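Same order as they appear, the protein sequences are chains Y and P.
Counting in the working numbering, the final residue of the first sequence is number 505, and the numbers go up one at a time with none missing.
Counting in the working numbering, the final residue of the second sequence is number 505, and the numbers go up one at a time with none missing.
FYI, nobody ran anything at the bench for these hints, they're computed from the structure.
Given the structure is predicted, the values throughout are model-derived calculations rather than measurements.
Heads up, a few of these hints could be off.
Straight-line distance between alpha carbons at most 16 Å, and here's what the computed EDC-like set of lysine to aspartate or glutamate pairs gives [what the hints assert, rightly or not]:
1) K17/Y / D389/P
2) K17/Y / D391/P
3) K175/Y / E93/Y
4) K17/P / D389/Y
Some, not all, of what chain P presents toward chain Y, calculated at C-beta under 7 Å [stated by the list, open to error]:
5) R14
6) V334
7) L354
8) V360
9) R376
To give an idea of the chain Y side of the interface with chain P (calculated C-beta under 7 Å), a few residues [as the list claims (entries may be wrong)]:
10) L3
11) R39
12) V194
13) A290
14) A294
15) V360
16) E377
17) G378
18) L485
19) K487
Ideal Cβ placement from N, Cα and C applies to all residues, glycine included.
Number of protein chains: 2
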Amino acid sequence: MGLRTIGIPDVLRRNAKLFAERPAFLCGDERVSHGDYLRRVERLAAGLAAAGIGAGDRVAILSRNNLEFVTLYGAVAWLNAILLPINWRLTAEEISYVLNDGSPKLVFADAEDQPRLAALRSSLPSTASFYGIGGEIEPFRSFGSLSTPAGAPPEVEIDPEAGYVIIHTAAVDGKPRGALLSQANLLAAAQQQVSYWGLNEQDVGLVGLPLFHIAGLGFAFAVTFGGGASVIQSRFDAETAARQVAAAKVTVFSEFAPMLAQLLDKASEVGADLGSLRAVTGLDSAETIARFEAACPKARFWAGYGQTETSGFVTFGPWRERPGAAGRPTPSAVVTVADERDEPLAAGQVGEILVRGPLVFRGYWGRQTDTEFTLREGWHHTGDLGRFDEDGYLWYAGRSPAKELIKPGGENVYPVEVEKVIREHEAIAEVVVLGVPDAQWGEAVKAVCVCRRGCAISAQDLIDFVGSRIARYKKPKHVVFVETLPKTAQGSIDRAAVKQQHGSA
Amino acid sequence: MGLRTIGIPDVLRRNAKLFAERPAFLCGDERVSHGDYLRRVERLAAGLAAAGIGAGDRVAILSRNNLEFVTLYGAVAWLNAILLPINWRLTAEEISYVLNDGSPKLVFADAEDQPRLAALRSSLPSTASFYGIGGEIEPFRSFGSLSTPAGAPPEVEIDPEAGYVIIHTAAVDGKPRGALLSQANLLAAAQQQVSYWGLNEQDVGLVGLPLFHIAGLGFAFAVTFGGGASVIQSRFDAETAARQVAAAKVTVFSEFAPMLAQLLDKASEVGADLGSLRAVTGLDSAETIARFEAACPKARFWAGYGQTETSGFVTFGPWRERPGAAGRPTPSAVVTVADERDEPLAAGQVGEILVRGPLVFRGYWGRQTDTEFTLREGWHHTGDLGRFDEDGYLWYAGRSPAKELIKPGGENVYPVEVEKVIREHEAIAEVVVLGVPDAQWGEAVKAVCVCRRGCAISAQDLIDFVGSRIARYKKPKHVVFVETLPKTAQGSIDRAAVKQQHGSA
Numbered sequence: 001m002g003l004r005t006i007g008i009p010d011v012l013r014r015n016a017k018l019f020a021e022r023p024a025f026l027c028g029d030e031r032v033s034h035g036d037y038l039r040r041v042e043r044l045a046a047g048l049a050a051a052g053i054g055a056g057d058r059v060a061i062l063s064r065n066n067l068e069f070v071t072l073y074g075a076v077a078w079l080n081a082i083l084l085p086i087n088w089r090l091t092a093e094e095i096s097y098v099l100n101d102g103s104p105k106l107v108f109a110d111a112e113d114q115p116r117l118a119a120l121r122s123s124l125p126s127t128a129s130f131y132g133i134g135g136e137i138e139p140f141r142s143f144g145s146l147s148t149p150a151g152a153p154p155e156v157e158i159d160p161e162a163g164y165v166i167i168h169t170a171a172v173d174g175k176p177r178g179a180l181l182s183q184a185n186l187l188a189a190a191q192q193q194v195s196y197w198g199l200n201e202q203d204v205g206l207v208g209l210p211l212f213h214i215a216g217l218g219f220a221f222a223v224t225f226g227g228g229a230s231v232i233q234s235r236f237d238a239e240t241a242a243r244q245v246a247a248a249k250v251t252v253f254s255e256f257a258p259m260l261a262q263l264l265d266k267a268s269e270v271g272a273d274l275g276s277l278r279a280v281t282g283l284d285s286a287e288t289i290a291r292f293e294a295a296c297p298k299a300r301f302w303a304g305y306g307q308t309e310t311s312g313f314v315t316f317g318p319w320r321e322r323p324g325a326a327g328r329p330t331p332s333a334v335v336t337v338a339d340e341r342d343e344p345l346a347a348g349q350v351g352e353i354l355v356r357g358p359l360v361f362r363g364y365w366g367r368q369t370d371t372e373f374t375l376r377e378g379w380h381h382t383g384d385l386g387r388f389d390e391d392g393y394l395w396y397a398g399r400s401p402a403k404e405l406i407k408p409g410g411e412n413v414y415p416v417e418v419e420k421v422i423r424e425h426e427a428i429a430e431v432v433v434l435g436v437p438d439a440q441w442g443e444a445v446k447a448v449c450v451c452r453r454g455c456a457i458s459a460q461d462l463i464d465f466v467g468s469r470i471a472r473y474k475k476p477k478h479v480v481f482v483e484t485l486p487k488t489a490q491g492s493i494d495r496a497a498v499k500q501q502h503g504s505a
Numbered sequence: 001m002g003l004r005t006i007g008i009p010d011v012l013r014r015n016a017k018l019f020a021e022r023p024a025f026l027c028g029d030e031r032v033s034h035g036d037y038l039r040r041v042e043r044l045a046a047g048l049a050a051a052g053i054g055a056g057d058r059v060a061i062l063s064r065n066n067l068e069f070v071t072l073y074g075a076v077a078w079l080n081a082i083l084l085p086i087n088w089r090l091t092a093e094e095i096s097y098v099l100n101d102g103s104p105k106l107v108f109a110d111a112e113d114q115p116r117l118a119a120l121r122s123s124l125p126s127t128a129s130f131y132g133i134g135g136e137i138e139p140f141r142s143f144g145s146l147s148t149p150a151g152a153p154p155e156v157e158i159d160p161e162a163g164y165v166i167i168h169t170a171a172v173d174g175k176p177r178g179a180l181l182s183q184a185n186l187l188a189a190a191q192q193q194v195s196y197w198g199l200n201e202q203d204v205g206l207v208g209l210p211l212f213h214i215a216g217l218g219f220a221f222a223v224t225f226g227g228g229a230s231v232i233q234s235r236f237d238a239e240t241a242a243r244q245v246a247a248a249k250v251t252v253f254s255e256f257a258p259m260l261a262q263l264l265d266k267a268s269e270v271g272a273d274l275g276s277l278r279a280v281t282g283l284d285s286a287e288t289i290a291r292f293e294a295a296c297p298k299a300r301f302w303a304g305y306g307q308t309e310t311s312g313f314v315t316f317g318p319w320r321e322r323p324g325a326a327g328r329p330t331p332s333a334v335v336t337v338a339d340e341r342d343e344p345l346a347a348g349q350v351g352e353i354l355v356r357g358p359l360v361f362r363g364y365w366g367r368q369t370d371t372e373f374t375l376r377e378g379w380h381h382t383g384d385l386g387r388f389d390e391d392g393y394l395w396y397a398g399r400s401p402a403k404e405l406i407k408p409g410g411e412n413v414y415p416v417e418v419e420k421v422i423r424e425h426e427a428i429a430e431v432v433v434l435g436v437p438d439a440q441w442g443e444a445v446k447a448v449c450v451c452r453r454g455c456a457i458s459a460q461d462l463i464d465f466v467g468s469r470i471a472r473y474k475k476p477k478h479v480v481f482v483e484t485l486p487k488t489a490q491g492s493i494d495r496a497a498v499k500q501q502h503g504s505a
């Protein structure tokens with residue numbers, strides 16, 4: 001191991017030593033202690049190594065949250081290999097794209113997604129082996145067969161700066177790009193979260209966000225880094241969550257709208273006590289946040305700004321300090337707002353958010369040019385717009401036009417990708433897709449369409465058309481038809497003008 | 001600046017932006033805000049650069065704590081230069097050794113120490129320039145002349161892994177060794193302290209420890225890293241400290257015995273309210289710690305283990321969790337107890353304490369062989385003994401015989417150095433120097449001597465003899481004369497037997 005570095009396996013060994021009998025994960029009826037967790041990770045690492053996985057090799061997983069998932073991310077870290085978690089809301093075509101992009105040696109899938117993958121198999125890398133979680137169909141092998149005692153796992157020299165996880169995020173051209181994060185990235189983000197919240201072995205985190213998302217993975221790992229326990233939900237269910245908060249005395253929670261509002265609703269419905277909660281973070285409306293802090297007066301909602309490429313939050317702070325803002329830069333991040341020439345702008349001026357520091361990702365998998373462009377001049381260019389106020393709070397101001405995206409329930413949707421699908425419909429001549437405020441999901445997808453002369457289609461039919469071709473969370477919630485779209489002097493569609501006219505739901 | 005690294009200047013810029021008007025340092029009647037502090041650091045960095053200081057150059061300081069000292073450590077960081085703080089309790093000869101070892105281009109000294117340095121000048125590096133703090137005598141130039149507006153400081157690309165501070169610590173052969181720490185070391189230690197104590201801009205630290213010591217420097221920097229204020233005491237004075245805790249609502253304090261006991265005494269004497277304190281750390285007796293927690297029921301005393309070479313604590317925890325132990329390994333450090341072949345020992349077994357992780361220092365200045373030996377096989381070998389209990393708490397078990405040292409009031413005293421001086425006295429034939437428990441200083445120096453045939457000397461005369469030759473804190477507090485010293489089978493002095501017979505005050 002490095003003299004001056006630590007890796008994720010060091011964290012797991014420390015936990016197993018200091019908190020051996022304390023819970024690491026609670027999942028359904030299962031309780032896994034930190035000691036158990038290390039043993040599971042070691043066994044699986046030995047199995048993965050026997051299956052040919054070494055440093056830098058990719059291991060994909062397409063699964064709801066479960067114990068196998070968290071064990072896999074420990075075992076992959078152990079081998080200095082790379083995890084490729086896949087959003088199970090993607091379509092078969094998108095999943096195939098991500099798998100071919102990451103070219104894993106092993107692919108894990110839960111029972112729900114094995115049929116989809118089996119059907120896709122001819123379009124997947126031919127060298128991959130398939131393993132099932134929670135039972136398996138042909139051609140999947142059993143997860144258990146990998147975890148049978150196979151001797152000690154190899155002692156691997158961890159390079160914490162090497163790639164550890166690839167998380168695909170929507171790209172300008174509509175093809176997902178894999179953001180490569182290192183163990184050092186995850187460790188820096190976890191330590192930062194521990195600094196703000198003082199997370200320790202007494203804490204219990206509710207993991208309702210998917211582990212394929214940086215917000216879910218990073219949150220669960222921060223709790224582990226502090227030595228605490230994570231309540232793993234297969235996928236978020238508000239009623240179960242409310243009962244779990246009360247039963248396991250959950251102290252911290254990370255969420256995207258509408259999870260918190262649903263949790264509050266269900267808690268009062270079933271009479272669950274949320275009083276153990278002390279900190280919640282995520283993306284939510286002022287209304288829900290106010291409701292939460294009223295219901296849990298000792299708890300605080302924390303606002304922040306971050307993206308997959310920054311391993312978590314780079315600005316953070318209690319919402320009530322400056323409602324509507326995204327907190328202030330953390331000590332681990334240098335955050336600036338700059339003009340097109342990367343010159344810092346004064347407070348009050350809107351520009352692109354740039355970031356430096358140990359939270360900056362390694363680059364886009366297999367996209368050297370994109371990486372160099374994004375990380376040019378010693379800064380990570382987030383593609384997001386914002387401004388600082390006089391007190392140093394960041395106010396998020398939307399996506400830069402070049403990289404505009406919509407975030408329904410925390411997912412990333414690029415308008416350009418949805419527009420491309422809509423234009424494939426024979427009835428449509430022109431379209432602009434934009435994000436509009438949404439009480440439930442924070443933001444919703446809206447399509448403003450011009451039909452071809454003599455053609456017509458109902459809003460619902462168009463929505464169904466899109467939903468059949470790309471992940472359902474990308475389909476428009478709102479469709480409006482107009483006679484013409486405003487044009488710029490150069491004759492192209494004036495997106496800003498469309499936004500101004502149609503920017504509400 | 002590095003895309004994925006941050007340096008100390010980033011921390012100071014962040015503070016100046018987010019906490020511009022809030023206090024950074026309180027020193028006597030002066031209050032310096034974070035905004036002021038950055039401006040002072042920038043001006044001094046510009047002045048140092050104009051005086052020829054660049055990356056890697058050494059800047060020495062021999063001074064009690066003051067604003068110039070803290071400004072200098074910011075400015076030196078700004079230039080990626082190296083600070084060489086000198087213990088003002090050293091003798092002239094020792095100071096000369098340290099200055100020749102570090103060969104600084106600039107030497108700063110406060111009014112109290114300028115005469116000593118001036119007298120020493122012929123034995124110091126001829127290329128050094130001298131600057132006074134708080135007035136100056138010949139040949140010292142004025143500190144202010146360096147800080148006059150000299151344009152903006154240069155933009156320096158900080159390498160956080162490069163050397164930043166050299167702190168001399170006693171060595172086996174009696175010559176101080178300079179432990180070289182990087183900005184990354186200080187940042188990792190600060191972030192760790194922030195994680196444990198949740199330090200933020202609301203915190204106020206009492207800096208009564210000398211800034212030339214890692215415990216003083218590291219503590220002050222941790223408070224700065226969190227955005228808080230440091231109350232700087234020129235040197236610890238219990239009565240002033242008690243009044244300052246009450247007036248500035250000090251929240252955190254780092255100390256070595258007998259500081260805390262004196263603070264408690266004075267506070268009740270002058271009726272000062274210590275209720276703002278929430279966390280104190282250092283080295284102290286069970287009795288004083290119990291007294292402190294009784295007097296300040298909301299506060300906790302935190303125990304830890306660390307040394308200069310580990311940039312601060314590598315084990316840490318609330319004293320009351322396991323009284324007498326030194327806490328448990330922090331998430332930033334991998335700590336093990338090993339036998340002579342570096343094989344980890346089981347709980348309960350005593351061995352050498354080994355450390356890995358971002359807190360491990362860079363090496364000994366100009367001592368390649370020592371560095372390689374100390375950092376062999378991917379571990380820092382602390383030279384200290386300890387054992388882990390079943391729950392992972394570290395129990396300190398003294399210095400390894402090869403590196404035995406005594407810690408009166410947190411200072412490092414090597415028995416071998418004191419023995420060498422005592423043997424220089426004509427009346428002394430043999431001597432063993434050892435540490436004995438001391439109610440006031442934690443540990444005291446004791447000399448067990450055999451006089452030459454026909455010779456005699458009083459204990460006080462021998463103590464004065466030592467005090468005139470090396471730093472006064474190294475002189476024995478206790479001297480006993482014996483007829484003979486026990487010998488091993490091989491004929492050498494049996495130190496263990498001497499300890500057993502004379503190990504109390």
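- [ ] Of all the hints given earlier, name the ones this structure violates by number, lowest first.
- [x] 7, 9, 11, 13, 14, 16, 18, 19
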